[in-house]
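Given only the sequences and the hints, what does the whole structure look like? Please build it.
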Amino acid sequence: LGLERGAAGPSIAAAVVLRRGLALATAWAVSKGVRFLNYRVFFRVTEVILLFSAAGLLVGGVSGLVAMDVLPALVGTLWNTSAILDSGSRAGSIVAALTGYRSQPSLILVLAYAAFWAITLMLLKRPAARPAGSARAAA
Numbered sequence: 011l012g013l014e015r016g017a018a019g020p021s022i023a024a025a026v027v028l029r030r031g032l033a034l035a036t037a038w039a040v041s042k043g044v045r046f047l048n049y050r051v052f053f054r055v056t057e058v059i060l061l062f063s064a065a066g067l068l069v070g071g072v073s074g075l076v077a078m079d080v081l082p083a084l085v086g087t088l089w090n091t092s093a094i095l096d097s098g099s100r101a102g103s104i105v106a107a108l109t110g111y112r113s114q115p116s117l118i119l120v121l122a123y124a125a126f127w128a129i130t131l132m133l134l135k136r137p138a139a140r141p142a143g144s145a146r147a148a149a
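Numbered per the working numbering, the sequence shown spans residues 11 to 149.
If you're looking for bench data, these hints aren't it; they were derived computationally from the structure.
Glycine included, every Cβ here is placed at the ideal spot set by N, Cα and C.
You may find that some hints are simply not true.
Said to hold, decoys possible - Computed spacing ranges between beta-carbons, pair by pair:
(1) Arg100 with Ala64: 21 to 27 angstroms
(2) Ser41 with Gly74: 40 to 46 angstroms
(3) Leu88 with Gly31: 51 to 57 angstroms
(4) Val51 with Ala125: 26 to 32 angstroms
(5) Gly31 with Ala101: 45 to 51 angstroms
(6) Ala37 with Pro141: 29 to 35 angstroms
(7) Gly86 with Leu134: 29 to 35 angstroms
(8) Thr56 with Ala35: 19 to 25 angstroms
(9) Leu84 with Ala23: 55 to 61 angstroms
Spelled out as structure tokens, the structure:
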């Protein structure tokens with residue numbers, strides 16, 4: 011940790027000062043840039059990124075359960091898109107981690123992915139519930 015005897019004290023102090031300076035610079039940049047930020051677009055983009063990340067986590071979990079023989083694969087490989095984008099390649103592994111992409115998915119993976127998006131889209135399409143206090147205030 012750099013706390014043992016003989017560790018360079020000034021380098022730790024310099025690192026602390028540098029980190030605080032970078033934090034202040036980042037806060038300043040965010041405060042200046044927030045005027046140009048469209049919150050609706052920002053939150054829509056982050057919502058999509060988080061949903062694809064959640065789908066990727068689900069597919070990773072289902073893949074792990076299939077590998078441990080807890081869940082059946084149902085059908086081994088439905089299709090093979092390795093020629094287009096192999097999930098074992100560098101680009102494919104990034105896409106796979108972010109979205110749950112598999113170049114050779116089993117039926118259980120496709121069903122889990124489809125169920126996730128069907129439930130998610132259904133929940134996103136339903137009307138927003140009004141807070142309990144707003145119904146009394148309107149009356």
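Okay, the hints, checked on the actual structure:
no. : hint                                  : verdict
1   : Arg100 with Ala64: 21 to 27 angstroms : holds, 23 angstroms
2   : Ser41 with Gly74: 40 to 46 angstroms  : holds, 43 angstroms
3   : Leu88 with Gly31: 51 to 57 angstroms  : holds, 53 angstroms
4   : Val51 with Ala125: 26 to 32 angstroms : holds, 29 angstroms
5   : Gly31 with Ala101: 45 to 51 angstroms : violated, 36 angstroms
6   : Ala37 with Pro141: 29 to 35 angstroms : holds, 32 angstroms
7   : Gly86 with Leu134: 29 to 35 angstroms : holds, 33 angstroms
8   : Thr56 with Ala35: 19 to 25 angstroms  : holds, 23 angstroms
9   : Leu84 with Ala23: 55 to 61 angstroms  : holds, 60 angstroms
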